[in-house]
Amino acid sequence: MASRPATASGVQRPNGATQNKLCQFKLVLLGESAVGKSSLVLRFVKGQFHEYQESTIGAAFLTQTVMLDDTTVKFEIWDTAGQERYHSLAPMYYRGAQAAIVVYDITNQETFARAKTWVKELQRQASPSIVIALAGNKSDLSAKRMVDHDEAYAYADENGLLFMETSAKTAMNVTDIFLAIAKKLPKAEQAGGPGPAQGRRVGLEQDTPRATQNCCIYTT
Amino acid sequence: MPNSSSWIGEVLKALLEHPNWKEGEEHGGQVSPETREFVILVMDGRVPILSPENLHVAHLIPVVGNLFNCDIDTENGTDDTEFCVKITTNITEPVIYVKLARGHRSQNFIDEVFRAAQNKQIFYILSKFCFGLSKDFQGVKFASTAEVQGLSWLRFYEDLKRHSSPGGDEQDSERGIDSVSEDFKNSDTDGEGDEDYEVVGVERESMAKGMTTLKGRDTIIKCVLDSKQEQFTDLAGYKVLIATWNVNGQSPGSICLSEWLARTPEPPDFYAIGFQELDLSKEAFLFNETPKEAEWLTRVKEGLHKGAHYKKVKLVRLVGMMLIVYAKENLIKSLKQVHMEYVGTGILGKMGNKGGVAVRFELEETSICFVNCHLAAHVEEYQRRNQDFQQISTRLTFFLQHGIKYIKDHDLIFWFGDMNYRINPQFMDAIEAKKLIQQEKYQKVLDKDQLKDQMREGNVFVNFKEGPINFKPTYKYDPGTDNWDSSEKNRSPAWCDRILWKGDGIEQIDYTSLNAYTLSDHKPVSSLYTANVKVINPTKYRRVYEEALKKMDKLENEFLPQVTVDIPGGNLAPHSNRNEIHFGKIRFMEPIKKTFTVANTGQVPVRLEFIRKLDDLYVCKDWLRIEPLAAFIQPGETCEIELQVLVDKKSAGNLNIGKDTMYDILVLHLESGKDIFVTVIGEYERSVFGCSISALVNMIDPITSISPGKLIELEKGQMPMGVYDIPKELWFLVDRIWRMGMQKESLFTQVGLTEEILQIRDWLNVIPNTPIPGSVDSIAEALFLLLESFPEPVIPFNLHLKCLDAASSYTSCKQILKLLPAAHRNVFVYICSFLRELLANSDKNGLEPKLLALLFGRVMLHEQNWNTKPNQKVDKDKATFIYQFLVNEDYGEDL
Chain D
1 MASRPATASG VQRPNGATQN KLCQFKLVLL GESAVGKSSL VLRFVKGQFH
51 EYQESTIGAA FLTQTVMLDD TTVKFEIWDT AGQERYHSLA PMYYRGAQAA
101 IVVYDITNQE TFARAKTWVK ELQRQASPSI VIALAGNKSD LSAKRMVDHD
151 EAYAYADENG LLFMETSAKT AMNVTDIFLA IAKKLPKAEQ AGGPGPAQGR
201 RVGLEQDTPR ATQNCCIYTT
Chain Y
1 MPNSSSWIGE VLKALLEHPN WKEGEEHGGQ VSPETREFVI LVMDGRVPIL
51 SPENLHVAHL IPVVGNLFNC DIDTENGTDD TEFCVKITTN ITEPVIYVKL
101 ARGHRSQNFI DEVFRAAQNK QIFYILSKFC FGLSKDFQGV KFASTAEVQG
151 LSWLRFYEDL KRHSSPGGDE QDSERGIDSV SEDFKNSDTD GEGDEDYEVV
201 GVERESMAKG MTTLKGRDTI IKCVLDSKQE QFTDLAGYKV LIATWNVNGQ
251 SPGSICLSEW LARTPEPPDF YAIGFQELDL SKEAFLFNET PKEAEWLTRV
301 KEGLHKGAHY KKVKLVRLVG MMLIVYAKEN LIKSLKQVHM EYVGTGILGK
351 MGNKGGVAVR FELEETSICF VNCHLAAHVE EYQRRNQDFQ QISTRLTFFL
401 QHGIKYIKDH DLIFWFGDMN YRINPQFMDA IEAKKLIQQE KYQKVLDKDQ
451 LKDQMREGNV FVNFKEGPIN FKPTYKYDPG TDNWDSSEKN RSPAWCDRIL
501 WKGDGIEQID YTSLNAYTLS DHKPVSSLYT ANVKVINPTK YRRVYEEALK
551 KMDKLENEFL PQVTVDIPGG NLAPHSNRNE IHFGKIRFME PIKKTFTVAN
601 TGQVPVRLEF IRKLDDLYVC KDWLRIEPLA AFIQPGETCE IELQVLVDKK
651 SAGNLNIGKD TMYDILVLHL ESGKDIFVTV IGEYERSVFG CSISALVNMI
701 DPITSISPGK LIELEKGQMP MGVYDIPKEL WFLVDRIWRM GMQKESLFTQ
751 VGLTEEILQI RDWLNVIPNT PIPGSVDSIA EALFLLLESF PEPVIPFNLH
801 LKCLDAASSY TSCKQILKLL PAAHRNVFVY ICSFLRELLA NSDKNGLEPK
851 LLALLFGRVM LHEQNWNTKP NQKVDKDKAT FIYQFLVNED YGEDL
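Residue numbers (the numbering used here), protein chains in the order written: chain D, 1 to 220; chain Y, 1 to 895.
Check before you lean on any hint, since a few could be wrong.
What the hints assert, rightly or not - Pairs of lysine-lysine, BS3-like flavour, derived with a Cα cap of 27 Å:
#1 D:Lys-120 to Y:Lys-613
#2 D:Lys-21 to Y:Lys-554
#3 Y:Lys-333 to D:Lys-21
#4 Y:Lys-550 to D:Lys-46
#5 D:Lys-21 to Y:Lys-228
#6 Y:Lys-502 to Y:Lys-465
#7 Y:Lys-540 to D:Lys-183
#8 D:Lys-46 to Y:Lys-554
#9 Y:Lys-550 to D:Lys-184
#10 Y:Lys-554 to D:Lys-183
#11 Y:Lys-554 to D:Lys-184
#12 Y:Lys-452 to Y:Lys-434
#13 Y:Lys-222 to D:Lys-183
#14 Y:Lys-593 to Y:Lys-650
#15 D:Lys-116 to Y:Lys-613
#16 Y:Lys-222 to D:Lys-46
#17 Y:Lys-551 to D:Lys-169
#18 D:Lys-183 to Y:Lys-550
#19 Y:Lys-540 to D:Lys-46
#20 D:Lys-169 to Y:Lys-550
#21 Y:Lys-540 to D:Lys-21
By construction, these hints were calculated from the structure, which means they are not laboratory data.
Put together the whole structure using the sequences plus the hints.
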């Protein structure tokens, strides 16, 4: 009887110190096949790593929440297929996304080149306000490195991208890159709550651009 | 939509028309014919009522004769905020009480009841009236099943009740009528489902239905947090001094109260000081006004501990009962939701000579309630005292911003006052009691204490605690002395004045009476406590909050729809080529079907749907058909999806020229989940069907001996004059009919055999040195197919409108022919000549020009968009255009 779930005091934080704003964003992962997009998501969402991650044929969907000081950010993550033959379907997923992680493999120069074309495509076709992060994955394999860190850094800097070298295997910088995106995303204050989870339907109803529909509600 | 009252009317009408329901008729032999019977139907429905499904007869109460009365109940707790309706019948033993909050909606309800009582009609109570008005439906009692069974005619209504119950209420009707009042109680007490799993359990269901929204999720997290409060709160101890005194209507004079209120070295953080019988005058009783409030308040202020500054939190008084709560000045701003309330239980069950007054507030994460009471007097009235306690418990209601709270809803409760419980005279008389008290053998006397006794019995103060009593009884003294009551009554001493508490985190430090005060016939009592208040620890809170979020994420991800796609033979393919469906060689007009299986391997039902890619108009290419396009699969079940590839006149052209390939990616979308790509691959074997006239007239070799590149070149060539005047394939077909079928009856109207048409297709692709296979009808159909498969019809699209306009004039029609490319014109003239030849044999083959014109109009002027709906007018004009060339005399002269 001591702690009743209904006590109003339980949810009214008197000093307001713990008040949180809840924001929801659609994030898409893009990049050449086998650079580790799914592995990054798996590490971020479930804290796991599979040495032989199956290739994604489609677009996997997962959610994960991160806490910032004053905001709780919920990511709806679309992990896309990297194979070239599915390239033409990518806009289905980056349309309406507020954030993107473009991934390459630091041991493969070609994947870096491909990443650059993805960035170009996003800059041209995606929402102008999209937050793009560049992730040089497989940083645990630095012995086989083919993409220079500074070169990638300079490229990211020029293009206004967030940049980190990550390792889904060792977990290095994985949560960090998502957190960095969460921090950079604009948390527009919008009145009223959002409807049912946005960004999940990628079909017919997507005609209206939803680039600015990052939904924020206040919660206590 | 009809309004709700007409639906109610419908149900009532159905009841009235039932054969058993007739005035003056004897029903089931239970009642004499002179008496009329009535039934009280309590209809329980959703609000708002939109359809009869929302309405059902929830409960039945038989009423016989005219002993059906309705009254506003004055005895049973009526005050400013609510009133009680008493309904009496002669069959149901209990009186029906309906307690309602005051307001226009309850007035409507009352009006209905009174009207029903007056007219002796069916009386219905709609929950609509009660909804949201009062949670106090406990008073409603209904006839037991046994009582109802006595009246056989009621069975009809019982049945009706079952049928009209919405699905979810089936249990209800099974349990029978007598459980109804229980149901109301249950719904009133909030479920104690503060277990993590319970909370999550609700969520599981809603997530499984895909209803979880950001906001809903937030609520769940709040619930989880509330259930884990102890994990992120620290306890902070506050000193609370509770004091109570029945002052017997005396003025304080210059009395110093510090011995009562400031008897500890450390100043308490909070004071809750209760008085009873502050003023016994009639004015106080009738008008609730008394000068003594101010007098006592002054003395109390002076008596507070000097070691701290105090500020009044709240003062509440009902006649003689007064409660003052003080807090240290620096704590005042930490108090939230400070409210006071009172309940009278005295004369008429509501006057303020007895009852309780209370103050509540929230400090950090803990809610605290102080109740000062004065319960019924007289030795033998302990049951009334119990009843007063219950009344205060159930009726005292705080109206807070976010809902109502009762005393029981608080974390910490201090309940004190003149409770008037005595030493049970049956077990100990006054003389013996006084003797034992003299010897300070308080425990022996307390063994016969009515309050202790009633608490043991569970009749009052359930789950409340009281500390050990090591002080003399506080009642009854001769005022001005320390002597026991010396009046005639010679009352036995008693501990009337008590302090009890309930809630985790209260520790009593002391509990004492102050005998030095002789002003009243009661002694003041006070008790010091440490009250442990839950304070949020921001670090711990963040951790727990984050954990809750993680858990939600985990659950949400776990409950995402999951399926596996099983493509026959797909397992053999390298992983990255999984989800590919190979159709192999595809030939014109030869459908091939393949199936694959989607299995729901997740924990929730899956709704899947093939969705369009980006800005595509269709889910897949025009040579592919998917069945079904959407499906619903329960966990553990599978669904078979059939794909059919068929290249026909619509798609052959584009495939021939490489504008389209036999390759498509299907997007299989799981609602609220991921997308799966399924690739469809085939290899099209080009055929003459779908080739253009201009390509065919330049094609010397059979199409099978031409490379795809050469074919595309021919198609792009746009050579005005060809090697041949007309496509050789056309000539072969027409020639064959010429040779074997000019006199065939129903030519062109008989359907050919599919198998033969495919053989003809293969023959045309190769052109071997054998006669064309197949019957005349099959060849005729192949001819239609060839004409219709020309990507640009014999009459090119851009001339269609002209043709339709010109159709009525042969001259105009002939003019149009001049606009045709040479090869097209040749084909047109060739076909028309052939048709005229056929018509020359009409006595044998029975063909008519109008029929042929209609048939060939459709194929020689076929529509550009294959999905165009047939239009009779257009078809007729096309036929007229062709007709001109079949019947006019001068044909051929200037062509």
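The hints, checked one at a time:
| no. | hint | verdict |
| --- | --- | --- |
| 1 | D:Lys-120 to Y:Lys-613 | holds (22 Å) |
| 2 | D:Lys-21 to Y:Lys-554 | holds (21 Å) |
| 3 | Y:Lys-333 to D:Lys-21 | holds (26 Å) |
| 4 | Y:Lys-550 to D:Lys-46 | holds (10 Å) |
| 5 | D:Lys-21 to Y:Lys-228 | holds (21 Å) |
| 6 | Y:Lys-502 to Y:Lys-465 | holds (6 Å) |
| 7 | Y:Lys-540 to D:Lys-183 | holds (23 Å) |
| 8 | D:Lys-46 to Y:Lys-554 | holds (8 Å) |
| 9 | Y:Lys-550 to D:Lys-184 | holds (22 Å) |
| 10 | Y:Lys-554 to D:Lys-183 | holds (22 Å) |
| 11 | Y:Lys-554 to D:Lys-184 | holds (25 Å) |
| 12 | Y:Lys-452 to Y:Lys-434 | holds (19 Å) |
| 13 | Y:Lys-222 to D:Lys-183 | holds (24 Å) |
| 14 | Y:Lys-593 to Y:Lys-650 | holds (19 Å) |
| 15 | D:Lys-116 to Y:Lys-613 | holds (24 Å) |
| 16 | Y:Lys-222 to D:Lys-46 | holds (23 Å) |
| 17 | Y:Lys-551 to D:Lys-169 | holds (23 Å) |
| 18 | D:Lys-183 to Y:Lys-550 | holds (19 Å) |
| 19 | Y:Lys-540 to D:Lys-46 | holds (23 Å) |
| 20 | D:Lys-169 to Y:Lys-550 | holds (21 Å) |
| 21 | Y:Lys-540 to D:Lys-21 | holds (19 Å) |
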